[in-house]
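Peer 1: Using the working numbering, read the sequence shown as starting at 1 and increasing by one per residue.
Mixed in with the good hints there might be a few duds.
Pairwise CB distance ranges, derived in the manner of DEER restraints [stated by the list, open to error]:
{"hint": "1", "residue 1": "141", "residue 2": "299", "range": "33 to 41 Å"}
{"hint": "2", "residue 1": "14", "residue 2": "238", "range": "33 to 41 Å"}
{"hint": "3", "residue 1": "11", "residue 2": "281", "range": "35 to 43 Å"}
Bear in mind the hints are in silico, worked out from the structure with no lab data behind them.
Each residue gets a CB set at the ideal place from its N, CA and C atoms; glycine is no exception.
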Amino acid sequence: EKNNDIKMVATAGEGQAEVVLVGCGCPLRGMGWYHAVQLLGDECPSAKLCYIVEPWFMGGGASGPGGAEFAEFQKQTEAAHGVVFLKSLTDLPDAAEGTKRLALVSGRTGDNPRLLKEAIAHGCSTIYLEKPGAPTVGELEEMRDYAKENGVEVLMGYNKNVCKYVSKARDFAAANEGSHVTFVSNNTYESTPESLGECFERNAEGMLKNMAIHELALLVSFYDVTVENIESAKADKEFSSHQTLKGPSGKEWTDFDKIKFTITTKTGKQVSVQADRCGGDTSYAKVSDADGNEIFRHNMPDEDDKANVSVLEAKYPGAMPYFFAQDPDYITVKERVAAHCAKGTEAEGIATIDIAVETLRVAEYLVPVLSEQLA
Numbered sequence: 001e002k003n004n005d006i007k008m009v010a011t012a013g014e015g016q017a018e019v020v021l022v023g024c025g026c027p028l029r030g031m032g033w034y035h036a037v038q039l040l041g042d043e044c045p046s047a048k049l050c051y052i053v054e055p056w057f058m059g060g061g062a063s064g065p066g067g068a069e070f071a072e073f074q075k076q077t078e079a080a081h082g083v084v085f086l087k088s089l090t091d092l093p094d095a096a097e098g099t100k101r102l103a104l105v106s107g108r109t110g111d112n113p114r115l116l117k118e119a120i121a122h123g124c125s126t127i128y129l130e131k132p133g134a135p136t137v138g139e140l141e142e143m144r145d146y147a148k149e150n151g152v153e154v155l156m157g158y159n160k161n162v163c164k165y166v167s168k169a170r171d172f173a174a175a176n177e178g179s180h181v182t183f184v185s186n187n188t189y190e191s192t193p194e195s196l197g198e199c200f201e202r203n204a205e206g207m208l209k210n211m212a213i214h215e216l217a218l219l220v221s222f223y224d225v226t227v228e229n230i231e232s233a234k235a236d237k238e239f240s241s242h243q244t245l246k247g248p249s250g251k252e253w254t255d256f257d258k259i260k261f262t263i264t265t266k267t268g269k270q271v272s273v274q275a276d277r278c279g280g281d282t283s284y285a286k287v288s289d290a291d292g293n294e295i296f297r298h299n300m301p302d303e304d305d306k307a308n309v310s311v312l313e314a315k316y317p318g319a320m321p322y323f324f325a326q327d328p329d330y331i332t333v334k335e336r337v338a339a340h341c342a343k344g345t346e347a348e349g350i351a352t353i354d355i356a357v358e359t360l361r362v363a364e365y366l367v368p369v370l371s372e373q374l375a
């Protein structure tokens, strides 16, 4: 009877990073929530979720849409796992001696510059930052420099860097002289002015800084693409479409609803990217021979992934579909970052903030270059 008032508190064990999740969002909808679900399910052995910082639903958003669902998730998670919920990073207690603290920052992109500084001030030695990291190159460079000055490593949630469809296509191309890789990214928006207008407004940073940023990170990580090393960027005019549409607010937004382009580098590499907001729910990488004939393709999700998706759909009905398709990759990225934080092992294939800065630079460079070709 006497033990009832002793509260279990989540504590990192031997070889584990103490994880502070910043920005949980609404259950079933927020990416932060899905990170929490994977961590609480012990999917990442080197990570222990100890704190969840949620400014919105523990503040101004508590009584609004999603507030009740969040409160229920908080109650269950505190009871079952001893996770401590906080409204702000400034409420975080000091890390215990010898604890390796990892901040997993999954809030709004615009808040990231402030959150990174707060996480560093509160003892986080490694930071996992969701893509694209910050709204602009300038802000992300400032964050990179601030982290370096404080001896803090910043790694990015660019999960396609570790996707098997990417590695399989790269391996196939490497074994076939003169071949060409195209990375294809699709979304499931309806091809109507209303649907795309809503999409353009909600993702106001634009397609290249949002949906296709993962593909640009692949180009920077694996194909020597930098702004200075781009010889040419050529849009496929037949495929691509650039529109100005009204969003729900009545304001007009101009963006690509689909784009295909090929980059040739000064060091002689060539690679293509294709992104379509209305292309469906399968993304893939394909390899073509020197004559342009397709000789290899690997889909995401593939058959193994689809079986996993069915299991997860039954477990979390109503959650965002893309969580499930990319579930194994999210686990891989978090585990590699957590193991790096806890034990110093190399975070193989994981994008650094330096890669993220260059990726954002390439995105900012490409928008006018490609738009002009479609005018």
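Peer 1: All hints are to be evaluated individually against the structure, with a verdict given for each.
Peer 2: These are the hints, each one checked on the structure:
no., hint, result
1, 141 x 299: 33 to 41 Å, "holds (36 Å)"
2, 14 x 238: 33 to 41 Å, "violated (58 Å)"
3, 11 x 281: 35 to 43 Å, "holds (40 Å)"
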